[in-house]
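J.: In case you want the letters, here they are:
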Amino acid sequence: MKQKTEVPQGTLALMVLKTLDVLGSLHGYGIARRIEQISGDLLAVNQGTLYPVLLKLEQEGAIASEWGASENNRRARFYRLTREGRKQLQAETQDWQQTTEIIGRFFDLKAEDLP
Amino acid sequence: MRPLRRFFTRLGHWATRRRDDDRLREEIEEHIALQAAENIRAGMPPAEARRQAVLKFGAVEAIKEEYRAERRILFIETFLQDVRYAARMLRKAPGFTAIAILTIALGIGATTAIFSLVDATLLHPFPYPQPEQLVRVEDDLPGVGAQDVGMSVPEWHDLQRSGIFEYVSLAVYGPVNLTGSSQPTRARYSGVAPNYFALLGVKPQLGRTFDPEDQTPGFTLEVLISDGLWKRSFAADPGILGKSLRLDDDLYTVIGVMPAGYHDPRRTNEQRNIEVWAAVGFAVPGRTPPLRNRRRTGAAAIARIKPGLTIAAAQSQLDALVASLQKEFPEDYPLQSAWTVRLVPLKETVVGNARQSLILLLGAVALVLLIGCVNVANLLLARASARGREMAIRQALGAARMRLVRQLLTESLLLSLLGGIVGLAILFCTKGFLVRLVPDSLPRLNDISINWAVLLFALVASLAAGAIFGLAPALHAGRADLTHMLKQEGRGSTGSGEQARTRRLLVVTEFALSLVLMIAASLLLHSFWELLNVRLGFNPQNVMAVRTWLPEPNDPKTDIYGTPAQEAPFLRELLRRGRTLPGVEEIALGNRPSIPLNHDPTQSPLVLEGREIQSKQPPLVETSSVTPDYFHLLGVTLQRGRLFGEMDNETAPAVAVINEAFARTYWPSGDPLGERLKLSPEDSFWTTVVGVIADARTESLVESSVPQIYTSLYQAPSQGASKELVIFLRGRLDPAATPVELREQVQAVNPELPVFGAQTLNDALSASLSERRFSMEMVGLFALTALLLAGLGIYGVISYIVSERTHEIGIRLALGAQSRNILRMVLRQGLGLAIAGAAVGLVCALIVSHLMAGLLYGVRPTDPVTFAGVALLLIGVALLACYIPARRAIRVDPLVALRHE
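Chains as they are written, first to last, in this note's numbering: chain A, 1 to 115; chain B, 116 to 1016.
It should be emphasised that the hints constitute simulated quantities derived from the structure, not laboratory data. We put the CB at the ideal spot given by N, CA and C, even for glycine. Be aware that a few hints might be false.
Some, not all, of what chain B presents toward chain A, calculated at C-beta under 8 Å [what the hints assert, rightly or not]: (1) 145; (2) 146; (3) 149; (4) 150; (5) 152; (6) 172; (7) 181.
Calculated from the model, a selection of chain B residues having no Cβ within reach of chain A, i.e. all distances over 12 Å [unchecked claim]: (8) 178; (9) 201; (10) 930.
One chain only, chain A, in its complex shape:
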């Protein structure tokens, strides 16, 4: 079965961190929705892959979770960014920007630019 999109794991984790950073405490579905909205079709299928990533981030201490009530008044698990997660997000954002910048420069490269 060909998947519609391949989400690199690190990228998904970074999206989760950023989402939680911007929106505060959210449940799994909320995170999935938000990522779907922003990234278009990226997380349109296989939303479930989000959960192993959430578990991994939680084990690393980047996020914390607790039970709460969802909008339709059911028990749901709410995730929020920890202080450590915020630090991790900052570091990874910086890395990411650096990488894209370098890659971008390579893509912009034309033959006549070279000395």
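Using the hints, position chain B against chain A.
T.: Leaving out everything else, chain B in the frame of chain A:
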């Protein structure tokens, strides 16, 4: 950092995995419900909305799997699974398991037992604070070939003032008469400088030790007693402090009791178990002040180096001090004697020669363990070929090779750990018995115990053993050729060529190791035999030595045996009474050094007439004082001149008898008869040599000629160590009754005298060999075990080869092969392995035997007879072990073998 944290979180989750599964399910449900609600809001019918939500979520089971994988600690889980599986496999093959566990248990048990011995003697730190600062100070005179000649009192003071040491202490030894209780007893006594216990840093369990600053000359009349003496003679009286004790007719006050288990750091068992300590000032008012070159023979100086100073640094400072003292007192330290002072770590001097024996024992027992491992590896390989099909199928079904290797290793480790536990259990049960096997003479200040270090050793040894014997089979399993295995298995024949090669290699190793052990054991046995059959030069049969001790009060004026004129009548009376005892045919008296093989050499500095100048550092020679009948009683032969007679008494001129070694050393060309010498530089009279006796091994069984000199006991007043009087009896004696009867006779003369230490010379002879006997017996036992294991090993391999070739042998027999040919064919295979093993073993044995040359006597480390004999014996055992499967081979019924197909 992050992976570690994840590990711990996972470890936590591992315990709560069920709850986590529930949580995930709940989250998934909630997610899908929210998505469905949203879909409905978008206008879908409810059923379709839910279906779309589930689709969008993805494969629930796969996600659950991924989720679980994220949470798991894989290696622990597989490990536990492997352990469970291994336990099941071992239970399914009880015979194999029992044999393997027992082999390992014996190996681990024996290795751990020897290790606990090594731990107690070599490894355990000295039981004193900062033991590395403790040294023994030995004075050597390499110029005259003398070592550890003892220290003079002025030298001792020099060392104390040198600033190199925190403390320097002298100690002298000897028994002392303890009177006051029902029977006068002898106690092992040590006179020590007052700083002795401060130096060692030992506190008493009761009272106090001596004041290290005490400068009292003579004795302080204060004593410390050992825990043993306190319990034995004073019923552990808590009010012992301040009570009086009569030692050699002087009254002493008990000021403290040393803790139980305290031992003096000394070489001999006797000196380690001192019972009474008195503080000695090493300066006696009213006697001549100590001379610089008057060495306290037998006085051993120990010292504690200043903190922060290494032994090497202290030694170099000491060398400078010695050089300046030599300049300051050229008279006392002539250049030719080349006086040096050497610092030896105290522990070294206590452990001494035992180190080599112990290391040999540890090596031997480790070899046994290794051979045991090889045997188990062989068993495992045999099993592996039986399980080849299982492994091949598992691999064909997709098991990773590493995974199989790991599982087999887990199985071996489980086996070895079980073996180790059983071995330790056996050790615990037989501990008391084993400790009694260890000779007393083995130096140890710590009790042999199974402590944490020993347990850790057993654990590591077990794991190492498991890794060693598990590796070969495990790697084989990992390397198997699948198609081949599966195909072959179908045909009913087993085993790959490579595996057979490994098994043969293992047997060769086993043989080589056994050969090394057996040669070591044979060499030790040979040495022991040589020592037992050495020409003694004296006859110990039917001779008993019983000791008494003439008291030596501190005030010379009250000594009733102080001069020859006072002592000689007592000696004659003793001889007269002793002769009347039942069974006594001959009787003689001597001082302590006259006991053959007593291992307590007392050396006196001698001055030879006409050579006073050279003998500024006088020769040191064993001196004994004996009554005339001593030589005849011991059966020593006279070579020249005459022996002592009754006329050599206290009023006659002093005479001496020397042995041939003495004559050879000091009068190599001339005639020693009529030559004169002084037994001590302070003597005012000359002693004339009147006779030369044949050399006898009275000092040490190992050395054939130690220079010795004998004086007449009637003429030599007993002094110091020679205050001990030995009564030699020859005849048909009752070892139980005679000492008692003798005590009555001695105490009829003087009721204050103790009678102790009755021993036949044969027992003394045997005791002097106890340490050698111990290591010989142990190595012998290990060698026999090794031989047995090697025999079993080759038996197993040949049996296996035979069973593998049953089909082939059947065909050969059917085609008309003679059973003799088959027998020869099988035996040849076994013989090849044995010879290869023996060849490798001989080379290794050569190396080992050279390393243990110091433990040998009368046999060269390369003794060809031993080497050839042992190799032949081993090959013989191999042939015997092969013969049984070979017989089975020729009894193969061709019909059955062929139908086997």
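J.: Against this structure, judge whether each hint is valid.
T.: Results of checking the hints against the structure:
For the restraint placing residue 145(B) at the interface with chain A, the shortest Cβ-Cβ distance is roughly 5 Å, inside the 8 Å limit, so the hint holds. Nearest Cβ of chain A to the Cβ of residue 146(B): about 5 Å, under the 8 Å cut. The hint holds. Look at residue 149(B): its Cβ gets to within about 4 Å of chain A, closer than 8 Å, so that hint holds up. Checking residue 150(B) against chain A: minimum C-beta separation of about 7 Å stays under 8 Å; hint holds.
With a least beta-carbon distance of about 6 Å to chain A, the hint placing residue 152(B) at the interface is held under the 8 Å criterion. Interface hint at residue 172(B): satisfied, since its Cβ lies 5 Å from the closest Cβ of chain A, which is below the 8 Å cut-off. With a least beta-carbon distance of about 5 Å to chain A, the hint placing residue 181(B) at the interface is held under the 8 Å criterion. The claim that residue 178(B) lies off the interface is violated: its Cβ sits roughly 4 Å from the closest Cβ of chain A, which falls inside the 12 Å cut-off.
The beta carbon of residue 201(B) sits about 31 Å from the closest Cβ of chain A, which is more than 12 Å, so the claim that it is off the interface holds. At the 12 Å boundary, the C-beta of residue 930(B) stays outside the reach of chain A, the nearest C-beta of that chain being 64 Å off.
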